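Enquirer: Chains as they are written, first to last, in the UniProt record's numbering: chain R, 1 to 606; chain X, 1 to 606.
There's no promise every hint is true.
Note that the list lumps identical chains together, so a pair holds whenever it fits in one copy or between two copies.
[Claimed, not checked] Keeping only pairs whose Cα atoms sit at most 25 Å apart, straight-line, the calculated DMTMM-like set for lysine to aspartate or glutamate is:
{"id": "1", "residue 1": "Lys-425", "residue 2": "Asp-165"}
{"id": "2", "residue 1": "Lys-420", "residue 2": "Asp-514"}
{"id": "3", "residue 1": "Lys-568", "residue 2": "Glu-345"}
{"id": "4", "residue 1": "Lys-548", "residue 2": "Glu-536"}
{"id": "5", "residue 1": "Lys-21", "residue 2": "Glu-63"}
{"id": "6", "residue 1": "Lys-21", "residue 2": "Asp-543"}
{"id": "7", "residue 1": "Lys-420", "residue 2": "Asp-162"}
{"id": "8", "residue 1": "Lys-568", "residue 2": "Asp-382"}
{"id": "9", "residue 1": "Lys-420", "residue 2": "Asp-165"}
{"id": "10", "residue 1": "Lys-420", "residue 2": "Asp-482"}
{"id": "11", "residue 1": "Lys-568", "residue 2": "Asp-285"}
{"id": "12", "residue 1": "Lys-579", "residue 2": "Glu-284"}
{"id": "13", "residue 1": "Lys-568", "residue 2": "Glu-522"}
{"id": "14", "residue 1": "Lys-548", "residue 2": "Glu-227"}
{"id": "15", "residue 1": "Lys-394", "residue 2": "Glu-289"}
{"id": "16", "residue 1": "Lys-548", "residue 2": "Asp-482"}
Treat the hints as calculated values from the structure; they're not laboratory data.
No experiment lies behind these values; they were computed from the predicted model shown.
Protein chains: 2
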Amino acid sequence: MNISNLPTPEVTQGPLPASRKVWHAGVLHPAIRVPMREIDLHPSAGEPPVTVYDSSGPYTDPETPVDISAGLARVRRPWVEARGDVEAYDGRHVRPEDNGFVQGERLVPEFPQRHQPLRAKGSAAVTQLAYARAGIVTAEMEFVAIRENLGRRAAKEAAVRDGQDWGAAIPDHVTPEFVRDEIARGRAILPCNINHPELEPMAIGRNFLVKINANIGNSAVTSSMAEEVEKMVWATRWGADTVMDLSTGRNIHNIRDWIIRNSAVPIGTVPLYQALEKVNGIAEDLTWEVYRDTLIEQAEQGVDYFTIHAGVRLHMIPLTVNRVTGIVSRGGSIMAKWCLHHHRESFLYEHFEEICQICRAYDVSFSLGDGLRPGSIADANDAAQFAELETLGKLTHIAWAHDCQVMIEGPGHVPMHKIKQNMDKQLEVCDEAPFYTLGPLTTDIAPGYDHITSGIGAAMIGWFGCAMLCYVTPKEHLGLPDRDDVKVGVITYKIAAHAADLAKGHPGAQVRDDALSRARFEFRWEDQFNLSLDPETARALHDETLPKEAHKVAHFCSMCGPKFCSMKISHDIRAEAQKEGMAKMAEKYREGGSLYMPLDTVKEDV
Amino acid sequence: MNISNLPTPEVTQGPLPASRKVWHAGVLHPAIRVPMREIDLHPSAGEPPVTVYDSSGPYTDPETPVDISAGLARVRRPWVEARGDVEAYDGRHVRPEDNGFVQGERLVPEFPQRHQPLRAKGSAAVTQLAYARAGIVTAEMEFVAIRENLGRRAAKEAAVRDGQDWGAAIPDHVTPEFVRDEIARGRAILPCNINHPELEPMAIGRNFLVKINANIGNSAVTSSMAEEVEKMVWATRWGADTVMDLSTGRNIHNIRDWIIRNSAVPIGTVPLYQALEKVNGIAEDLTWEVYRDTLIEQAEQGVDYFTIHAGVRLHMIPLTVNRVTGIVSRGGSIMAKWCLHHHRESFLYEHFEEICQICRAYDVSFSLGDGLRPGSIADANDAAQFAELETLGKLTHIAWAHDCQVMIEGPGHVPMHKIKQNMDKQLEVCDEAPFYTLGPLTTDIAPGYDHITSGIGAAMIGWFGCAMLCYVTPKEHLGLPDRDDVKVGVITYKIAAHAADLAKGHPGAQVRDDALSRARFEFRWEDQFNLSLDPETARALHDETLPKEAHKVAHFCSMCGPKFCSMKISHDIRAEAQKEGMAKMAEKYREGGSLYMPLDTVKEDV
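Just chain R, with the same shape it has in the complex (with noise of 0.2 Å):
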């Protein structure tokens, strides 16, 4: 194949407005560079810069080049290899079954670079869970201690927790040896397989900074590769913490090679859609044979974690059977089908252990799927559903006692007074390991909106302990979200996930708010976009009314106009006190005197 004719995709590159990139180095690891955000401020502020996570990658860096059809620097490579239990191997040859059988110009072409895959030597564990119960503090354990604490030091962030963290254990600072012993508690995973050293470790836990996942994918009726690229780093460039690729169409093999090359963040992905198409969408005709060889085909490719319905069990099938919507999970419904036409239990039931013996030999994440999750208020916390908790609770287990590491998928469709009782039944039943929720919507009659329906159950749900919310966009239920239902997902549910970082006290989490607060009391108009989500669409809304350059000082907006705004007010408020002081006007106005006073009677006379 003749590279240089590859269409390569088109990419969105560029830092966010005021921004830097910054590197943190390591300490146990010296070679390691942890990129962090800094938002500058105007010099009126007199503030250091604001430290912000950054999940984007290269692409916001412009000192790296980026090069979509050589794929990003493969820096985890050494560390993998430092650790000697890992060997090369040729791997799995691409089949024509991999992308659907698809051939001449509809086949996307392979990505031009080819790797050897790694696996584990011999019967090693390889994954970050055995590492951290040897005792080990990895490079990544390293990386992600560094990035969650944003650098920050300890002392000053400890005086200003507040919030209400449900019994997580949330330290004041997070050190390599924290992170080493939350994932080997299980209380966390770090998604990072073997092969894909392009990755920037992070972790997935509920005494981390509460994560967020997007899904990207073609179907059978639209999206290409390059669409799908850009997806990857549209979605990580506005706070995706991990990518799902929920393809189902054709090409999945080689668009999945493109994603994962050229992703900074855990890709996951469900592998039983592959499969599926291996032997023609007909589910009866699934068999373990089939399945383990599509592990095996992405786990090479550097597959991050799995999404596997093991805990759909026959038994379970017939209480789903007077729901109001049935099976929701595509996967769920799959297995399901199989179940029942062949009358037994699941192969990834039966055979799970293999799967725990694939998922250590690269170190690819269980993502242990609720096929039964409800679709409807209706379904929510139903007997089906927690059955299926049950089982992920013992498949938990398994894994772990296969050193694999685990996190638990969550509904779904659960009014709000539902959400606690997920979250506590699943922390019990699973032993805190990471939950990962869809949602929850909180109702179901607004399609159209689903991503306010359920980022409304997803802040709850993350402020109550799960480790990561699944987005949902604008188009959930009526088709693929396009680029800008990305975003809109993207940025809700980094709304939802920040909301759930103050709501538990997260030390830091509040340095953004009060930034961006002393810059609209101040009137610093660009400080307050450039320290928002998403400050394209605030300074476009702002500009919408007053589009000139002298309204980003002025000291109101279109709102209220410049007669009435309270922050000048306040301004001059304030300025009258401090000219008095203020602890002598506080005196002075105290219940003060003779003042209009019959109200401190009245409730009693009523």
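Guided by the hints, dock chain X onto chain R, whose structure is given.
Expert: Frame of chain R, contents of chain X only:
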């Protein structure tokens, strides 16, 4: 003035898709006609129409001609007159300062129809609270009872109660007597100025459906009369239960007349804004006389509730000085400035009982403003905020002593873990007077998306007992909302209110969710669109990828494509299960025999 020369505003009219307006008559008051919307389903559903609450007024009824320059039918006039306690009088004459001294072409024309205002005879209280305390079930109260029930029958709904109501007392079936009792106890208000006979009565209280308010209004910078009337009609079309006219520019009086005469929902205002215009925007020049004159002016026009910032007291102002965002309520900051300048308690506080005298003569409800609400996460639940709330509790009892209806405004910016404290404290301090909150916004970092940051908080506080949620649009903090922003704000808040109703276990709330979910499961796409809060958007998003009519009956969407549709597979499963008999099937598979079983013992081993 030649009426035919008036630029009569055009407003959006016509029913929503598949919807008919139906009217329910009263029993105690046979003349009343309570509007509801029935959404017809496809015949294949075999289901009756779904009845939903209808705040849209006559504009969605093709049978009712609309003439904006004539105003809506003055239906309540005979109800008010029949009580025999009001008198018509000449009323106050419009003065140049009422419209900001604007003249000539820039003056918005007066509303063409002039009606004599009504007021209470002598010192009578003509409030719904006074009637309720006297044991009188007014036509307005029966209207509300029918409206809240949505045509449902008690027995059927009682069976499906499911929720956590945090101590509310929501009945299975709302009787007129229940409405009377809730109003008598001060736990609900029924805002209905005797000079707003065009209004369709509604109730605000924690034991009724959660309501939402939309703010409209011009500012000195932007917006015209025609736009504001359309915004009011538009906001109610999508579900706004009340509308606040927060105009602060010129032409305030005349624009308000056009709005009220054409509004079927209660209209609220902040009279201080107009009073300030009358003194050329100089807060220090405000006087009780100017303010009192404005109250009379607006009461005669028919304003249904007044936001009055009487809780801002002199001794509280120093408590705001070290806040991150000072005072962010416009009314609060104006009064604080006045108090500081004059070094005395505000005229709102000193003359509160005279304000009560005015309100009881027209039945204008109080919305006690939270002038010291927090404007940032940092300032949430601070001493200033709660000091004011204590005062609002005392003012509530004074207003009640004068037979005035009262609700209490609330924040603002509050992180999730501090929301419930707001609700609990308000219920306690204000003896369950209805709470009416702005959001609250759960983070400060997302300007451009504050409908979402606040929709999260609104859903939660609605669940906890908040009676009405004041919407926030994407333009919050950035500019004045346009028509699109109004719609997004309203739909977001309908989601929050409905999610709250579901979580409280409001009887019947889930009917619409269930109907929509059944439609979704049965691939009745048209029904799914029609049952949604915003059918236009749902349809448009679906049609972006599958525009053809044939796709409206397709058993898949572009999200997963035909092969992967879980709902399609669920139907196969249901068919198979029903063939075999579900009970038998369940029995056969339960913990089935020889299946792979090491799992149950794993937990103990690990």
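Enquirer: Now look at each hint and say whether the structure bears it out.
Expert: Against the structure, the hints come out as follows:
1. Taking the shortest Cα distances, Lys-425 and Asp-165 sit within 25 Å of each other both inside one copy (16 Å) and across copies (21 Å).
2. Taking the shortest alpha-carbon separations for Lys-420 and Asp-514, only the inter-copy value of 22 Å comes in at or below 25 Å, while the best intra-copy value is 29 Å.
3. Taking identical chains as interchangeable, the C-alpha atoms of Lys-568 and Glu-345 lie at most 25 Å apart only when they sit on different chains, with a minimum of 21 Å there against 68 Å within one chain.
4. Within a single copy, Lys-548 and Glu-536 get their C-alpha atoms as close as 16 Å, which meets the 25 Å cut-off; across copies the closest is 34 Å, which misses it.
5. Only within a single protomer do Lys-21 and Glu-63 lie at most 25 Å apart by alpha-carbon distance; the minimum there is 9 Å, versus 62 Å between protomers.
6. Proximity of Lys-21 and Asp-543 under a CA criterion of 25 Å is satisfied in neither setting, with 27 Å inside one chain copy and 40 Å between copies.
7. Proximity of Lys-420 to Asp-162 under the C-alpha cut-off of 25 Å is found in both arrangements, the shortest distances being 21 Å within a copy and 15 Å between copies.
8. Taking the shortest alpha-carbon separations for Lys-568 and Asp-382, only the inter-copy value of 21 Å comes in at or below 25 Å, while the best intra-copy value is 53 Å.
9. In this assembly of identical chains, the alpha carbons of Lys-420 and Asp-165 lie at most 25 Å apart whether taken from the same copy (13 Å) or from different copies (15 Å).
10. Proximity of Lys-420 and Asp-482 under a CA criterion of 25 Å is satisfied in neither setting, with 32 Å inside one chain copy and 37 Å between copies.
11. In this assembly of identical chains, Lys-568 and Asp-285 lie within 25 Å of each other by CA distance solely across copies; the values are 17 Å between and 70 Å within a copy.
12. With identical chains, the CA atoms of Lys-579 and Glu-284 are at most 25 Å apart between copies only, with a shortest distance of 18 Å across copies and 81 Å within one.
13. Taking CA atoms no more than 25 Å apart as the test, Lys-568 paired with Glu-522 passes inside one copy only; the shortest distance there is 9 Å, against 56 Å between copies.
14. Taking the shortest Cα distances, Lys-548 and Glu-227 sit within 25 Å of each other only across copies (23 Å), while inside one copy they are farther apart (35 Å).
15. With identical chains, the CA atoms of Lys-394 and Glu-289 are at most 25 Å apart within one copy only, with a shortest distance of 24 Å there and 74 Å across copies.
16. For a Cα distance limit of 25 Å, the shortest separation of Lys-548 from Asp-482 across copies, 19 Å, qualifies, whereas the shortest one inside one copy, 32 Å, does not.
Of the numbered hints stated above, those contradicted by the structure are hints 6, 10, listed in ascending order.
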